[in-house]
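Chemist: Chain by chain, the residues:
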Amino acid sequence: MNGWIGTVLRIDLTTGKITKEPLVKDDAVLFLGARGLATKMFTDEVPASVEPLSPENKLIFAPGPFTGTLAPSAGRYHVVAKSPLTNGIAGANSGGVFGAAVKYAGYDALVLEGKAEKPVYLWIKDGHVEIRDASHLWGKWVPDTTDLVRSETDDDASVACIGPAGEKLVLFASIQNEMHRAAGRGGVGAVMGSKNLKAIAVRGTGGVRVADVKALEAAVWAARAKVAAHPVAQGLNRHGTDILVNILNETGCLPTRNYQDGHFPTADKVGGESLTAKVLTRKKGCFACVISCGRVTRVNEPKFAGEGEGPEYEAAWGYGPDCGVDNLDAVTKANHLCNELGLDSISAPVTIACAIDMAESGVLPANEFDGLDLRWGSGELIVELTRRTGLRQGIGDKLALGSYRFAEMYGHPEYSMTAKKQEIPAYDARGIQGIGLEYATCNRGGCHVKGYTIAAEVLAANNVRLDPREIKGKPGLVKAFQDMTAAVDASGGCIFGTFGMVADDYAAMLSALTGVPYSPADYVKAGERIWNLERLFNLKAGLSAKDDTLPERMLKSPIKTGPSKGLVSRVPEMLPEYYSVRGWDDKGVPSLEKLLELQLAS
Amino acid sequence: MSSAPRLSKLSFRLRLWLSNCVSEDMAKVLMIHPEKCTGCQNCMLACSLHHEGQFRMAASRIHVYTWEREGISVPMMCQQCDTAACMKVCPTAALHRSPGELLVDFTQNKCIGCHMCTIACPFGNMVYDAISQAPLKCDTCDGDPSCVKYCPTQALEWVDDNVSTRNRKKNYAAKFKIAFGEGSL
Chain V
1 MNGWIGTVLR IDLTTGKITK EPLVKDDAVL FLGARGLATK MFTDEVPASV
51 EPLSPENKLI FAPGPFTGTL APSAGRYHVV AKSPLTNGIA GANSGGVFGA
101 AVKYAGYDAL VLEGKAEKPV YLWIKDGHVE IRDASHLWGK WVPDTTDLVR
151 SETDDDASVA CIGPAGEKLV LFASIQNEMH RAAGRGGVGA VMGSKNLKAI
201 AVRGTGGVRV ADVKALEAAV WAARAKVAAH PVAQGLNRHG TDILVNILNE
251 TGCLPTRNYQ DGHFPTADKV GGESLTAKVL TRKKGCFACV ISCGRVTRVN
301 EPKFAGEGEG PEYEAAWGYG PDCGVDNLDA VTKANHLCNE LGLDSISAPV
351 TIACAIDMAE SGVLPANEFD GLDLRWGSGE LIVELTRRTG LRQGIGDKLA
401 LGSYRFAEMY GHPEYSMTAK KQEIPAYDAR GIQGIGLEYA TCNRGGCHVK
451 GYTIAAEVLA ANNVRLDPRE IKGKPGLVKA FQDMTAAVDA SGGCIFGTFG
501 MVADDYAAML SALTGVPYSP ADYVKAGERI WNLERLFNLK AGLSAKDDTL
551 PERMLKSPIK TGPSKGLVSR VPEMLPEYYS VRGWDDKGVP SLEKLLELQL
601 AS
Chain Y
1 MSSAPRLSKL SFRLRLWLSN CVSEDMAKVL MIHPEKCTGC QNCMLACSLH
51 HEGQFRMAAS RIHVYTWERE GISVPMMCQQ CDTAACMKVC PTAALHRSPG
101 ELLVDFTQNK CIGCHMCTIA CPFGNMVYDA ISQAPLKCDT CDGDPSCVKY
151 CPTQALEWVD DNVSTRNRKK NYAAKFKIAF GEGSL
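Chains as they are written, first to last, in this note's numbering: chain V, 1 to 602; chain Y, 1 to 185.
Hints are not guaranteed to be accurate.
[Said to hold, decoys possible] Some but not every residue of chain Y turned toward chain V, in silico, with C-beta under 8 angstroms:
| hint | residue |
| --- | --- |
| 1 | 34 |
| 2 | 40 |
| 3 | 49 |
| 4 | 54 |
| 5 | 69 |
| 6 | 71 |
| 7 | 120 |
| 8 | 122 |
| 9 | 123 |
| 10 | 124 |
| 11 | 150 |
| 12 | 171 |
Honestly, the hints are just simulated from the structure, not real lab data.
Every value quoted in this text rests on a predicted model; they were computed, and no experiment measured them.
The beta-carbon is built from N, C-alpha and C at its ideal position, and this holds for glycine as well.
I would like the entire structure built from these sequences, with the hints used as guidance.
Modeler: Below, the structure is given as structure tokens:
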């Protein structure tokens with residue numbers, strides 16, 4: 001096959017049985033790969049009622065057709081499972097080189113089933129697949145695990161692993177590859193931990209075949225030129241994603257102190273410009289990236305000393321303004337800890353912000369503080385709470401359940417800034433209406449990245465600038481972003497590539513690579529198909545229209561200060577039109593016509 | 001009337017002289033700037049696509065090594081050494097250099113697969129590929145290196161081999177010398 005490899009690797013951790021199956025070509029064509037193919041396989045094989053941390057849940061790793069090729073900034077993979085955080089579909093996406101390594105080893109997907117009797121790791125060298133004892137690795141942090149697994153397998157192996165957080169089933173534990181890249185959201189690391197699977201090491205020496213080399217190169221160059229000329233892509237290279245701190249603060253949409261406000265006067269201290277000046281040692285790119293937004297960082301201040309990658313914007317915001325902190329060294333350290341312990345660097349700080357908010361408001365009893373001074377603005381506190389959460393020590397054992405379950409435990413779920421129990425990130429839904437609708441409707445719970453309307457509502461990318469406060473036209477905008485992103489994810493792309501590239505570029509590259517003709521409309525349609533398939537799974541899993549909403553604070557408590565003062569989110573007003581543009585009924589259920597149109601029903 | 005052919009002959013000679021000395025035919029070298037490398041491996045993808053028509057990194061003539069703890073990436077590739085060890089040990093002159101050229105060239109049908117070149121290269125840049133049954137030798141893509149074209153950060157540069165280039169190369173080599181010196185202490 002061209003673009004795809006043609007083989008799926010299935011490993012039953014309960015029995016140790018390893019099988020190689022042919023890829024179902026029709027599924028690959030319709031669902032592309034990565035997020036699409038993995039979701040298709042997962043929803044075909046796993047009942048929606050499955051208990052997320054039981055052996056019956058499956059964990060699927062899948063690169064896309066672009067992964068391992070020259071398609072610009074498109075070397076990614078997706079991890080699909082049922083989420084222990086949202087009880088809906090979890091789809092976590094990561095860059096680095098792991099996805100490409102899986103392709104070169106000869107697989108379009110790794111399907112992991114069951115539960116190993118004791119801790120194990122996988123060693124995949126091309127066709128050779130081995131389940132190895134990992135007792136000596138259990139408890140190790142991500143960097144040490146990565147080094148040890150490499151030393152026992154191959155220096156050039158790519159390693160994806162969990163840290164202590166995944167082992168201890170923190171509900172928002174991540175899977176980390178090459179130490180610093182994370183399949184972060186939805187608790188896929190906890191699912192991996194529940195299977196007693198510590199790591200996967202992959203070394204591949206095979207190749208990805210191309211249907212039409214000349215056409216592919218032409219399409220790649222056309223796409224690269226657009227990305228290179230795009231001001232947002234240039235900004236991401238200059239200051240990393242953290243460049244967004246000042247942009248959002250100037251819009252008055254930088255959520256502050258657990259969404260109590262939308263403006264943080266000293267935000268600049270944790271913004272990208274400060275990061276570049278103070279802690280940046282080097283820029284880094286994921287596999288096949290032409291942007292290189294990754295930040296290698298080092299903190300010298302002894303209290304927070306260390307080196308690693310990031311923070312990205314969401315972590316800088318979460319540990320920064322959302323916890324009332326403006327100490328970049330502390331924020332960077334807390335982010336490094338997330339990578340080392342294997343925690344989602346959005347859910348971790350937002351859960352911490354929730355706890356501080358509850359403590360400051362007096363709804364968290366002082367005897368629950370675990371000897372800490374829970375208050376806004378403490379760099380020491382965010383670092384310590386991150387450590388305790390990752391290791392499930394003291395108060396961290398409860399924070400490990402995420403902010404919704406934590407706040408609910410004390411009778412105050414309204415303090416949790418979540419949608420479908422997953423923490424909402426860094427763009428204030430009260431001042432930017434489209435992104436609020438994305439948070440409310442995203443299939444994996446509170447998430448910005450699967451329908452990044454910020455590109456149009458704030459960044460004016462691709463010459464589209466829509467008034468962020470307006471709700472007119474936003475349901476259609478959200479749908480368009482969600483469908484396009486699903487297609488980009490499924491083909492192995494990074495959404496930052498869409499700062500420049502459009503569906504025409506992706507379709508041209510995909511057609512040249514695979515030899516299967518895709519029009520731009522076919523490409524986006526694949527995304528819509530994936531979105532609807534995820535929705536169907538969630539509905540079967542028990543989620544419904546009542547879950548397509550935001551916390552009361554975003555709907556009823558206006559932003560207090562700054563340029564967006566007085567605004568609230570108007571999600572409930574937009575929701576009926578969203579269901580309608582999606583071709584869903586008023587309960588948010590896809591119509592049969594829509595499913596037939598998407599080839600999801602026959 | 002007779003001056004016209006003479007002039008054209010002169011201009012031809014001038015062009016020839018120029019092309020030998022200062023024009024676009026001047027010898028070029030591939031410079032590596034590791035401090036600009038982000039570890040994205042576009043160069044390896046470009047190299048394997050150019051030489052193999054597919055993305056098979058194991059067949060790339062250039063390799064990027066990344067140290068994740070330190071966050072450092074270094075591209076390694078054939079230096080087309082003046083005194084090329086690979087060429088010296090090649091028993092069949094499959095590796096050879098044409099007079100006046102900087103490129104260490106490779107002729108596939110003379111290669112007997114003895115692997116001596118892979119042992120001799122002091123940088124480890126000569127790798128034998130079992131699939132194509134040949135050493136993976138950089139041929140600078142006939143003077144238009146694909147890796148350079150695809151590098152998004154100009155960490156790879158295809159530049160004239162002049163005094164300033166050589167000095168930069170030397171300065172970089174000096175850094176290596178210091179690093180090796182530290183390592184041996």
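Chemist: All the hints need checking, so say for each whether the structure fits it.
Modeler: Here is how each hint holds up against the structure:
1. 34: violated (10 angstroms)
2. 40: The hint holds - residue 40 (chain Y) has a Cβ within 8 angstroms of chain V, the shortest such distance being about 4 angstroms.
3. 49: With a closest approach of 6 angstroms, the residue 49 (chain Y) hint holds.
4. 54: holds (4 angstroms)
5. 69: holds (6 angstroms)
6. 71: holds (3 angstroms)
7. 120: violated (22 angstroms)
8. 122: Violated - the Cβ of residue 122 (chain Y) stays beyond 8 angstroms from chain V, reaching only about 20 angstroms at its closest.
9. 123: Hint on residue 123 (chain Y): violated, closest Cβ of chain V at ~17 angstroms, above 8 angstroms.
10. 124: violated (13 angstroms)
11. 150: holds (7 angstroms)
12. 171: Because about 20 angstroms separates residue 171 (chain Y) from the closest Cβ in chain V, which is outside the 8 angstroms limit, the hint is violated.
Checked against the numbered hints given earlier, this structure breaks hints 1, 7, 8, 9, 10 and 12; the rest are met.
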